[in-house]
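S.K.: Protein sequence lines, in the order shown, are assigned to chains A and S.
So the first sequence is numbered by UniProt numbering: it starts at 1 and just counts up by one.
So the second sequence is numbered by UniProt numbering: it starts at 1 and just counts up by one.
Be aware that a few hints might be false.
[Said to hold, decoys possible] A few chain S residues facing chain A, derived, Cβ under 10 Å:
#1 Asp4
#2 Thr6
#3 Lys44
#4 Gln73
#5 Gly77
#6 Gln94
#7 Thr97
#8 Ala101
#9 Val132
#10 Phe140
#11 Leu151
Worth flagging that the hints you see were computed from the coordinates, not collected in a lab.
Using N, Cα and C, we set each Cβ at its ideal position, and we do this for glycine too.
One letter stands for each residue in the lines below.
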Amino acid sequence: MTRVITKFTRNVPHWQPRVTPVNLQEATEEQLDALKVTPSNTKVSDYVLTLAHDVESLKVRSPLFNAIMYDKGGMRRAERELGALGASMVNHCIYCAAVHAARHAQLEKSTEVTDRLFRDGAKAELDARDRAIFDFAVALSEAPSQAGPEHMAALKAAGLDAAEVLDLILSAALFGWANRLMHVLGDPVRVSEDVA
Amino acid sequence: MALDSTALKQVGIAADGALSEATAGRASIFEMTQAAEDAVLRPKDQGPWSHELRAALAARIARLNAEADLALQYAEGAGAFADLADPANDGAAQGLTEVVAFMDKVAADTRNVAAADISGLQAAGVADADIVRLAELNAFLAYQIRVIAGLRLMKGAFA
């Protein structure tokens with residue numbers, strides 16, 4: 001039995017594709033190369049097998065994703081996760097929100113911020129820096145034209161420098177991308193174990 | 001190399017200053033962003049979505065997001081599909097009603113996309129691989145358009 005999840009949670013659901021993923025046994029050389037499948041590594045998620053239908057995009061997407069979320073310098077990783085979470089909450093991507101709320105909690109060693117956001121929504125009480133970061137990510141995600149100079153002023157007032165603001169733009173924008181794959185091409189589900 | 005990227009060209013960043021320094025510090029990200037644009041707008045394997053159709057859909061999504069200059073840039077490559085760059089056209093004349101409606105919804109009403117939107121495309125005869133190609137094109141543009149809008153705001157705040 002599977003049940004589609006409709007509420008935000010840090011408990012990462014299973015992602016169930018709405019299209020048929022590439023069958024690893026029938027994958028082309030180019031797909032296997034992009035999937036990084038080797039004899040010792042044959043475990044590939046349904047999500048990545050789904051994206052393998054567009055192998056040229058898949059090849060460039062993973063390194064770009066990793067650079068934006070993990071490259072050294074600039075904004076702290078937990079704050080990039082907050083940018084990702086803002087986008088994912090706007091787009092109602094339950095799966096992305098779960099993964100990145102869980103990472104935020106892990107990096108901050110605290111569930112306080114994500115508990116509040118999931119309980120009280122976008123207007124949850126946050127400190128000034130998180131508030132500025134989250135509000136900008138939400139505005140940019142709703143529609144680029146909703147983000148304005150007032151958001152930049154709030155980010156500067158909260159102490160963010162140019163390198164940090166650029167990383168926030170990149171992480172929030174990247175989840176405009178990721179959400180449109182995860183939320184569009186599949187469902188977040190719980191699979192209940194069959195009781196023997 | 002990175003300065004040739006569509007995102008940085010659209011914004012026009014001065015050679016010195018905090019913004020120039022910040023973008024230079026993430027040069028590899030702008031290079032990879034450009035490679036991603038090539039992969040979704042001008043892939044070697046086009047499938048049923050020609051480079052012209054992709055350019056037209058990209059221009060349309062840019063217009064839906066009020067990015068007029070980016071829309072003009074993409075519309076230059078739209079050829080026979082140029083009409084689709086205008087969000088007022090529903091794709092009926094091109095036999096692409098379902099595709100165009102799907103692209104508009106994913107671009108501008110993402111949160112309400114549901115399983116029925118995918119099964120609708122399948123019922124219209126779009127293969128699963130080609131649905132993924134549409135989603136990737138749409139998703140990349142959401143990213144690129146937001147990077148451009150964000151950089152433009154930074155230009156005013158951090159020049």
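S.K.: Hint numbers the structure violates, sorted upward?
M.R.: Per hint list: 1, 2, 4, 5, 6, 7, 8 violated.
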